[in-house]
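In short: position in the sequence shown from 1, add 421, done, that's our numbering.
A few of these clues could be false.
Stated by the list, open to error - The following label-pair restraints were derived from C-beta to C-beta distances:
id, residue 1, residue 2, range
1, Arg492, Leu578, 36 to 42 Å
2, Val661, Ser560, 42 to 48 Å
3, Gly494, Arg635, 28 to 34 Å
4, Ser560, Trp614, 28 to 34 Å
5, Met422, Gly581, 40 to 46 Å
6, Arg530, Asp507, 29 to 35 Å
7, Thr662, Arg530, 38 to 44 Å
8, Pro621, Ser560, 17 to 23 Å
9, Ile493, Pro460, 19 to 25 Å
10, Gln636, Asp507, 24 to 30 Å
11, Ala456, Asp644, 24 to 30 Å
Think of the hints as simulated: they come from the structure by calculation, not from any bench. C-beta atoms are modelled at their ideal positions from N, C-alpha and C, and glycine is treated no differently.
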Amino acid sequence: MARILVTGSTDGLGLATAETLAREGHHVLVHARTARRVPAVQHLVDQGAQCLVGDLADDAEVRQLADEANRIGGIDAVIHNAGVLDGAALLPVNVVAPYLLTALIRGPRRLIYLSSGMHRGGNTRLDGLDWSGRSATASYSTTKLHITAFSAALARLVPGVTSNAVDPGWVPTRMGGRSAPDDLDLGHRTQEWLATSDDPDANGSGGYWYHQRRQAPHPAAEDRDFQDALLARLAGHTGVTLDAPG
């Protein structure tokens, strides 16, 4: 059984993922943005899960969250599920926080990043972006292109760690809306599989997945120059260099 951190696990796909993993016997670390959201995962805590609290739009709280995860230790996988759909927090939550958590949390050998089919409409321009979130300078699609490229860069640069991006589909969550046409169960199955399965396909790295099938992402996501430029911007903003997680 694995010890798995799922960010953004108080509702939607994150909660469904955490519940499934706990039901399968894994030790789950759930994450709530604020203490007011903890009751949403109290049933998992009552079953043995541990809950970490931190606002991923706040740089200091992200670092504190990483410190707390390191104090717990023994984390085998992180599913970077948390995300926002719009607003000034898009870059901090969807891109900067996963970067920092990846760089700062020690030990996990499986890393899964939630992308979106909308990443194909993302912009590759990196100039003029406000990584701090004081103003809105990127679209949701652009942040998902960033995280898809980041996942691919990690797979290329860090041996011994599997890094994959997942398009969960347009599913009926609070973010996706009730009319979303995709299957909610299929929406979280791939990231659970990548985090826990002994299937050789699940142990590969550098994939972009949709319902347990590899697909081709936006070409920029696999462009080494774009990946390196993105990593340089994130390192410059955070002051943290991504060397080798763990």
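Status of each hint after checking the structure:
Between Arg492 and Leu578 the beta carbons are some 27 Å apart, a value that contradicts the proposed interval 36 to 42 Å. Between Val661 and Ser560 the beta carbons are some 25 Å apart, a value that contradicts the proposed interval 42 to 48 Å. Range check, Gly494 to Arg635: Cβ separation about 32 Å, and the 28 to 34 Å hint holds. Checked against the given bound of 28 to 34 Å, the beta carbons of Ser560 and Trp614, roughly 29 Å apart, stay inside it.
For Met422 paired with Gly581, a C-beta distance near 21 Å fails the hint of 40 to 46 Å. Taking 29 to 35 Å as the suggested C-beta distance range, the pair Arg530 and Asp507 conforms, at roughly 33 Å. Distance hint check for Thr662 and Arg530: the Cβ-Cβ separation is about 20 Å, which falls outside the suggested range of 38 to 44 Å. A C-beta distance of roughly 36 Å is found between Pro621 and Ser560, which places it outside the suggested range of 17 to 23 Å.
A hinted range of 19 to 25 Å for the beta carbons of Ile493 and Pro460 is consistent with their spacing of about 21 Å. Taking the beta carbon of each, Gln636 and Asp507 are about 25 Å apart, inside 24 to 30 Å as hinted. Checked against the hint of 24 to 30 Å, the pair Ala456 and Asp644 fails, with Cβ atoms roughly 41 Å apart.
The earlier numbered hints that this structure contradicts are 1, 2, 5, 7, 8 and 11.
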